[in-house]
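Chemist: Residue numbers (this note's numbering), protein chains in the order written: chain G, 98 to 367; chain C, 86 to 294.
Be a bit skeptical, because a hint or two may be false.
[What the hints assert, rightly or not] Simulated crosslink set (SDA-like; lysine to any residue; CA at most 25 Å straight-line):
hint: 1; chain 1: C; residue 1: 96; chain 2: G; residue 2: 295
hint: 2; chain 1: C; residue 1: 208; chain 2: G; residue 2: 295
hint: 3; chain 1: C; residue 1: 154; chain 2: C; residue 2: 127
hint: 4; chain 1: G; residue 1: 261; chain 2: C; residue 2: 208
hint: 5; chain 1: G; residue 1: 333; chain 2: G; residue 2: 115
hint: 6; chain 1: G; residue 1: 354; chain 2: C; residue 2: 96
hint: 7; chain 1: G; residue 1: 138; chain 2: G; residue 2: 309
hint: 8; chain 1: G; residue 1: 261; chain 2: C; residue 2: 205
hint: 9; chain 1: G; residue 1: 283; chain 2: G; residue 2: 295
hint: 10; chain 1: G; residue 1: 354; chain 2: G; residue 2: 295
hint: 11; chain 1: G; residue 1: 261; chain 2: C; residue 2: 234
hint: 12; chain 1: G; residue 1: 181; chain 2: G; residue 2: 254
hint: 13; chain 1: G; residue 1: 138; chain 2: C; residue 2: 230
hint: 14; chain 1: G; residue 1: 354; chain 2: C; residue 2: 152
hint: 15; chain 1: G; residue 1: 138; chain 2: C; residue 2: 96
hint: 16; chain 1: G; residue 1: 354; chain 2: C; residue 2: 127
hint: 17; chain 1: G; residue 1: 354; chain 2: C; residue 2: 154
hint: 18; chain 1: C; residue 1: 208; chain 2: G; residue 2: 211
hint: 19; chain 1: C; residue 1: 208; chain 2: G; residue 2: 333
hint: 20; chain 1: G; residue 1: 283; chain 2: G; residue 2: 309
hint: 21; chain 1: C; residue 1: 152; chain 2: G; residue 2: 191
If you're looking for bench data, these hints aren't it; they were derived computationally from the structure.
Predicted model, so just to flag it, every value in this text is computed and none were measured.
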Amino acid sequence: MLAKRIIPCLDVRDGKVVKGVQFRNHEIIGDIVPLAEQYAKAGADELVFYDITASSDARVVDKSWVSRIAQVIDIPFCVAGGIKSIEDAGRILEMGADKISINSPALNNPDLINQLHDVYGQQCVVIGIDSFYNEATDQYEVYKFTGDEARTQKSQWQTIDWIKEVQSRGAGEIVLNCMNQDGVRKGYDVKQLKAVRDICEVPLIASGGAGEIAHFTDVFQQADVDGALAASVFHKGIINIDELKAELTSNGVAMRKRHGLTAQAEGVNP
Amino acid sequence: MSVVNTSQRQKIVIVNTGCANISSVRFALERLGVEVDVSDDVNVIKSADKVFLPGVGTAAAAMASIKQKALVETLQSLTQPVLGVCLGMQLMVETSAEGGFQGTGNIDCLNLMPGHVARMESKGVRLPHMGWNTVTHNNESLFKGIPQDTYFYFVHSFAVPEYEHTLASCTYGNTFSAAINKDNFYGVQFHPERSGEAGAQLLTNFVNL
Chain G
98 MLAKRIIPCL DVRDGKVVKG VQFRNHEIIG DIVPLAEQYA KAGADELVFY DITASSDARV
158 VDKSWVSRIA QVIDIPFCVA GGIKSIEDAG RILEMGADKI SINSPALNNP DLINQLHDVY
218 GQQCVVIGID SFYNEATDQY EVYKFTGDEA RTQKSQWQTI DWIKEVQSRG AGEIVLNCMN
278 QDGVRKGYDV KQLKAVRDIC EVPLIASGGA GEIAHFTDVF QQADVDGALA ASVFHKGIIN
338 IDELKAELTS NGVAMRKRHG LTAQAEGVNP
Chain C
86 MSVVNTSQRQ KIVIVNTGCA NISSVRFALE RLGVEVDVSD DVNVIKSADK VFLPGVGTAA
146 AAMASIKQKA LVETLQSLTQ PVLGVCLGMQ LMVETSAEGG FQGTGNIDCL NLMPGHVARM
206 ESKGVRLPHM GWNTVTHNNE SLFKGIPQDT YFYFVHSFAV PEYEHTLASC TYGNTFSAAI
266 NKDNFYGVQF HPERSGEAGA QLLTNFVNL
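Using the sequences and the hints given, assemble the complete structure.
Modeler: Right, here's the structure in full:
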């Protein structure tokens, strides 16, 4: 049975892992490679690295850390941030990333989704969406350039429409970051994720709001997402991944178990 | 965790298919302590002890790259153990239904063994099949020492149905081939290079064949 995924997200700036609250006030958490290794060993099913400065300041960003991560970890990982072309995506994938996630560049140039699909295949095309609930209009709005508060702006899209659009263009997975919840640890936006789930036929990853184990149970049971992404609860040691998975398993959510390999595997080929 | 037998130094070659997951396969083998060459040179590939055929993307794009590098006959002539990974496995059979986004009809593959790659039945399940899923197997060769129902990492929308050359199976909607084998040719639909300890064990088993 396909397991639901627990996905620690590491926001990267200038080669360091950082974390802000609602996209602001970034503090340095630590070096990328040892953190990646630590999460792989701790039982994470996948990792996402968001280069949060890349999309918003239009410079060439050093991505050599992608290759350093690929050398040490044996679980899949996705790289997001600053991927604006087929060539950008190709470089990241060649360095060993399994998937690339695009956000603002897809809003600026939706054809990029089709191109990435055709060249690298649907399986590695992840679309990240920053969705903000506007209380005044009671609508979910897609935002871009969220890595830089000064340049963050509302796009022309409502969230549901944009999700339909990216699927029709060949997206292989959608990470929905609910901006109102991000970094405040009050729980995922189950209501929004449920609405999105109804029209989302590709894997859907919940992002923004995880604060305790019950939040993960809620989002898997109520919104039927394929994975749950979180940052600060893991970085700050608030939630232990093994305990989280044990609790989810006991609540009937399918989780990957890591089998001990049998004695037969020792000392292969005399 | 077992170790690779390095007492006899092996020549391991990853075929440079021009596809994108070559680095992750190379890194996974290097973590096992073996040396690896990435090459599209006919003589280097032919003289290898073990050959890896990686691949991500579409069958159409990958076959176009292999043809452009004039490697089809070389790959068909290999007699040493060859392991195809993900799309690399799918290229081992006769034909694939995976063209481009608007692609129709079948793509000719390498025809290293019988079989056809079809789009997975999407009834009731989401595609791509992405994530960790359990594998049942015959306990031999590639899967020695790996318990039944061990989780491996999959990312794909097309698959080889279960058939006479199936070595291991996985179920997502329907049951399909998680691994295939005929003679010296082996293929795995999942990504052993991204499947934690179980994946490392499978790669070790292959290197030790």
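Chemist: Each hint should be assessed against the structure and marked as holding or not.
Modeler: Hints versus structure:
no. : hint          : verdict
1   : 96/C x 295/G  : violated (51 Å)
2   : 208/C x 295/G : holds (15 Å)
3   : 154/C x 127/C : holds (9 Å)
4   : 261/G x 208/C : holds (19 Å)
5   : 333/G x 115/G : holds (12 Å)
6   : 354/G x 96/C  : violated (34 Å)
7   : 138/G x 309/G : holds (21 Å)
8   : 261/G x 205/C : holds (21 Å)
9   : 283/G x 295/G : holds (23 Å)
10  : 354/G x 295/G : violated (29 Å)
11  : 261/G x 234/C : violated (35 Å)
12  : 181/G x 254/G : holds (19 Å)
13  : 138/G x 230/C : holds (21 Å)
14  : 354/G x 152/C : violated (41 Å)
15  : 138/G x 96/C  : violated (30 Å)
16  : 354/G x 127/C : violated (42 Å)
17  : 354/G x 154/C : violated (41 Å)
18  : 208/C x 211/G : holds (24 Å)
19  : 208/C x 333/G : violated (41 Å)
20  : 283/G x 309/G : holds (8 Å)
21  : 152/C x 191/G : holds (21 Å)
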